[in-house]
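All chains, full assembly: derive it from the sequences and hints.
Okay, so the sequence shown: first residue is 506 according to the working numbering, each after it adds one.
A hint or two may mislead.
Computed spacing ranges between beta-carbons, pair by pair [claimed, not checked]:
(1) 597 <-> 531: 17 to 25 Å
(2) 563 <-> 519: 15 to 23 Å
(3) 592 <-> 522: 28 to 36 Å
(4) 546 <-> 613: 17 to 25 Å
(5) 536 <-> 581: 29 to 37 Å
(6) 573 <-> 607: 13 to 21 Å
(7) 534 <-> 588: 26 to 34 Å
(8) 532 <-> 609: 36 to 44 Å
Below, in silico cross-link-like pairs of lysine to aspartate or glutamate (DMTMM-like), each with a Cα-Cα straight-line distance of 20 Å or less [claimed, not checked]:
(9) 615 <-> 598
(10) 521 <-> 570
(11) 615 <-> 570
(12) 521 <-> 571
(13) 615 <-> 601
Just so you know, these hints were derived from the structure itself, not from any lab.
All residues carry an ideal CB built from backbone N, CA and C; glycine is no exception.
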Amino acid sequence: FSPSGILATGGGLADKTVRLWELSTGSCRHSLSVLGQVSAMVWSRSSRELVCAISQPTPTITFLEETASSLNIIGSIPNAHSGRILQMAISPDGSELVSMSGDETIRFWKCWDTHGSEKSRKQPIVLIPPTMPTRARTV
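If you want it as structure tokens, here you go:
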């Protein structure tokens, strides 16, 4: 749910569609076809952005924004992980997106300042479990 009570849903391999629902009427406010399966979604705390993990064909984090007339892609992080993105969360201060993947990494993306403005979405901090000593840590 968005802070204003809008429900967002994401489609699977066949559907590949993000939809925003008005719960008071049961109607679809907007829909947007995306390139693949939507595996995770989270609303930004400090802006009006919906963040979607598109896991097929390549793991991509996509940033969407609703206007009065449509739902639009406003940014993306292609190849965000080497495996399917399983979950995402927003930090308590609303500035960072955390993505967790089947590639056994957790990545922290500095996406917004504390006032909701977009920041660079290029270089994450990557955490790799200590049980995997053969893989390098990127910080």
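These are the hints, each one checked on the structure:
1. 597 <-> 531: 17 to 25 Å: violated (33 Å)
2. 563 <-> 519: 15 to 23 Å: This hint holds: roughly 18 Å between Cβ atoms.
3. 592 <-> 522: 28 to 36 Å: violated (20 Å)
4. 546 <-> 613: 17 to 25 Å: holds (18 Å)
5. 536 <-> 581: 29 to 37 Å: Given about 18 Å between the Cβ atoms, the range is violated.
6. 573 <-> 607: 13 to 21 Å: violated (37 Å)
7. 534 <-> 588: 26 to 34 Å: holds (32 Å)
8. 532 <-> 609: 36 to 44 Å: Holds: the Cβ-Cβ distance is about 40 Å, inside 36 to 44 Å.
9. 615 <-> 598: With a Cα-Cα distance of about 11 Å, the restraint between residue 615 and residue 598 holds, given a limit of 20 Å.
10. 521 <-> 570: Holds, at about 17 Å.
11. 615 <-> 570: holds (18 Å)
12. 521 <-> 571: Since the Cα atoms of residue 521 and residue 571 sit roughly 18 Å apart, the hinted pair holds (cutoff 20 Å).
13. 615 <-> 601: Holds, at roughly 5 Å.
In summary, the structure is inconsistent with hints 1, 3, 5 and 6 from the numbered list given earlier, while agreeing with the others.
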